[in-house]
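Engineer: These protein sequence lines map, in sequence, to chains C and W.
Residue numbering for the first sequence follows the working numbering, starting at 598 and increasing by one per position.
Residue numbering for the second sequence follows the working numbering, starting at 1196 and increasing by one per position.
Treat the hints as calculated values from the structure; they're not laboratory data.
There may be inaccurate statements among the hints.
Some, not all, of what chain C presents toward chain W, calculated at C-beta under 8 Å [what the hints assert, rightly or not]:
| id | residue |
| --- | --- |
| 1 | 600 |
| 2 | 602 |
| 3 | 617 |
| 4 | 894 |
| 5 | 931 |
| 6 | 935 |
| 7 | 939 |
| 8 | 1024 |
Predicted, not measured: the structure shown is a model, and the values here were computed from it.
Ideal placement from N, C-alpha and C gives every residue a C-beta, glycine not left out.
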Amino acid sequence: MNILDILRMASSNLFRNKVRSLLTILAIFIGSFTIILNSGINYGVNSYVDSQVANVGGEGYLEVLKAEEGLFDISFGGMGSGGPTEFDPNATPRIQAITNDDLKVLRSIDGVESAIGLPMVSAKYIESQTSRKQFEVSLQTFPSSRLLLDMATGRTPDNNSSQPEIILAPDFAEALGYTDQSVLGQTIDLGVALQSLAPDAPEVIKNLDVTVVGVQNRSVVGMGNSWVNLAAANAMQALSLSEIPAEFRPSDSFFFAIVEVREGANDEEIAQIQATMRDKGFQAMTIAEQVGMIMSIFDAIGMVLNIFGAIALLAASIGIINTLFMAVQERTKEIGLMKAMGLSNGKIFLLFSAEAIMLGFWGSAVGILVALVARGIGNNIANQTFLQDLPGFTLIEFNAPQIAGIVLLIMFIAFCAGALPARRAARQNPIDALRYE
Amino acid sequence: MSEANKTPAPLVIDARHLTKIYGKKKRDQKFTALKSVSLQIARGESVAIIGKSGSGKSTLMHTLALLDRPTKGELYFNGERIGKLNSRHLNRVRNRELGFVFQQFFMNANDTVLNNVMLPLRIAGTSLFKRKKIAMDALRTVGLEDKAKNKAKDLSGGQKQRVCIARALVNSPSVIFADEPTGNLDSTTGAMIEKTLFDLNKEKGITLIVVTHDEDIAKKCKRQVYLKDGEIIADTKKEVKLFVDKDGKGRATVKELKSLTEPKLKGAK
Ligand SMILES: Nc1ncnc2c1ncn2[C@@H]1O[C@H](COP(=O)(O)OP(=O)(O)O)[C@@H](O)[C@H]1O
Ligand SMILES: [Mg+2]
């Protein structure tokens, strides 16, 4: 019997017991669908992160906190694992401000080119000088010229300039009455709230002129923030403290520092620098690590999906074993007859293995089809909801080699599941099989 | 026609002192189904193996048909010692040289008649075109070419057994083994099946070995081999005097030997 005949026969044997085969295929489908979909999400997220990280250039600078180890994780992971921590009056605070002395320590580290404290900025509103319209705005200080943002127009803010500069988050140009092009070079106002020592004083807001130098595309980097340069950040801070007598102003301190590493440092050297900083009580992260951290939520989902898929496949394998044992039982006489007619043990084994592999194939084929449908629906929903602000992020993306790999893997699992029943069929004695009642 | 005047035909089957003991494992009950059976069958013969139920007919047939291995003894098929063949060669002999007709039909009921008949060719790896042609020829031989496209389950018992004969024929075997081929059929259809088998023997020269407990069918064979309790007690091809009673005394005539199986046979009639 040649291979084509074996496949044909195996296939018609599957058809002989449609309901049973369909149920087994259904079980495989559930597992394969989950895993295929998950690999699609994984691929979509990874290619987005890759494109974002490639866009931001990433490795040239580090964001540094003065904090206990693991703090970044805790801040992103919610509660952490231990629940509330008991208060200890003698413990050092988990996060401390970075002082000018700290900056000196950072600068002294081998491989560090520069270290600056990054002022925290906030504005009550952003205001157009032509239309006088005001909008809420979320601001961030531009950390380093090494951060390559995905720009719609213009350039990134220049931290060496003494002129206050801003780049706008997407949609702001239009809201302020300009286009992405015409807003370049325009001066707009940021409303800065003045701090006061008097507790009941009414809030006073003063405008600060900043020049728009660019407009950013939507991205996971920045996440809807507008970025100002150092000059603007410092001016805002000075303005907000302008009503406070000099002796009451807080000394220079920063929430985090930006460290630029030596130009062209490779991953290993950067890791070395990070390790040194950790020893000195700092936590340093690259932009890629930050983006990766935001995306780690998808990893968690992926893990759950994969576990679910694996369990489903395990159940499906048991289904395959069961289906084939039943088939061997039912076809005992047929097996005996074919052996009497000279069909070899190896071919009998192949015949049943082919059945198992076909079950795996059909299960994963249906899995692919349904996953394709789910991709369309899932991406649509995602783009209209939680990915609305991240164009270019396709949640579920399939790539052919990966899916082919999954299908082959499932067919292999099916083959393994079928091996036991197939072996039993192959080992049957033709006479016992023919006499079998 | 006298056998002595013909040049002896070559032996298809040469069985020497076959013993079959059932119960492989130690704790199994041992049962000796064949006791040192020797049997030579020449090409073109028609041989009936007769005996009561449980006398070991099927066991003997299965052993001769290479479906089961004897516990002791030697078996030659077309001059080749079977015990020495590798499984590939053995499968080849089964596929090319042997045809089977069983009391139960062993057909794939939901498949077409043609596909059922083609099964041995499929196993042999014959091309689709060729196997269709050969299978149709075989169906024509048994007079069922118009049923080729029917489902096997839609046929009558007699038709099913003819399909089985066509399937046994399709590889142009040198021997056809038939185990109680008419056991499930009424006497008229049974007679038709017998005729088909004997025609094959006469016209195509296929060696025919029929296992039966029915004296009437046995009579239609040129040669009868009588089996009792796993031993050959008579073989019409040989001189009667060759056969002796169990205890080695006295000689029996064929008639006397037949009477040993008589009670059961009478009852069956
Ligand atoms: N697989 C087996 N295991 C044990 N005993 C068996 C087996 N097959 C047949 N027998 C016994 O061997 C004897 C001969 O059986 P069989 O050859 O089928 O007889 P027949 O075909 O003449 O009716 C019977 O007593 C039967 O019970
Ligand atoms: Mg029998």
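Engineer: Please go over all the hints and tell whether each is borne out by the structure.
Structural biologist: Hint-by-hint comparison with the structure:
1. 600: violated (10 Å)
2. 602: holds (5 Å)
3. 617: Violated, because the Cβ-Cβ distance from residue 617 of chain C to chain W comes to roughly 15 Å (cut-off 8 Å).
4. 894: Hint on residue 894 of chain C: violated, closest Cβ of chain W at ~53 Å, above 8 Å.
5. 931: holds (7 Å)
6. 935: holds (6 Å)
7. 939: holds (3 Å)
8. 1024: violated (12 Å)
Hint violations for this structure: numbers 1, 3, 4, 8, all remaining hints satisfied.
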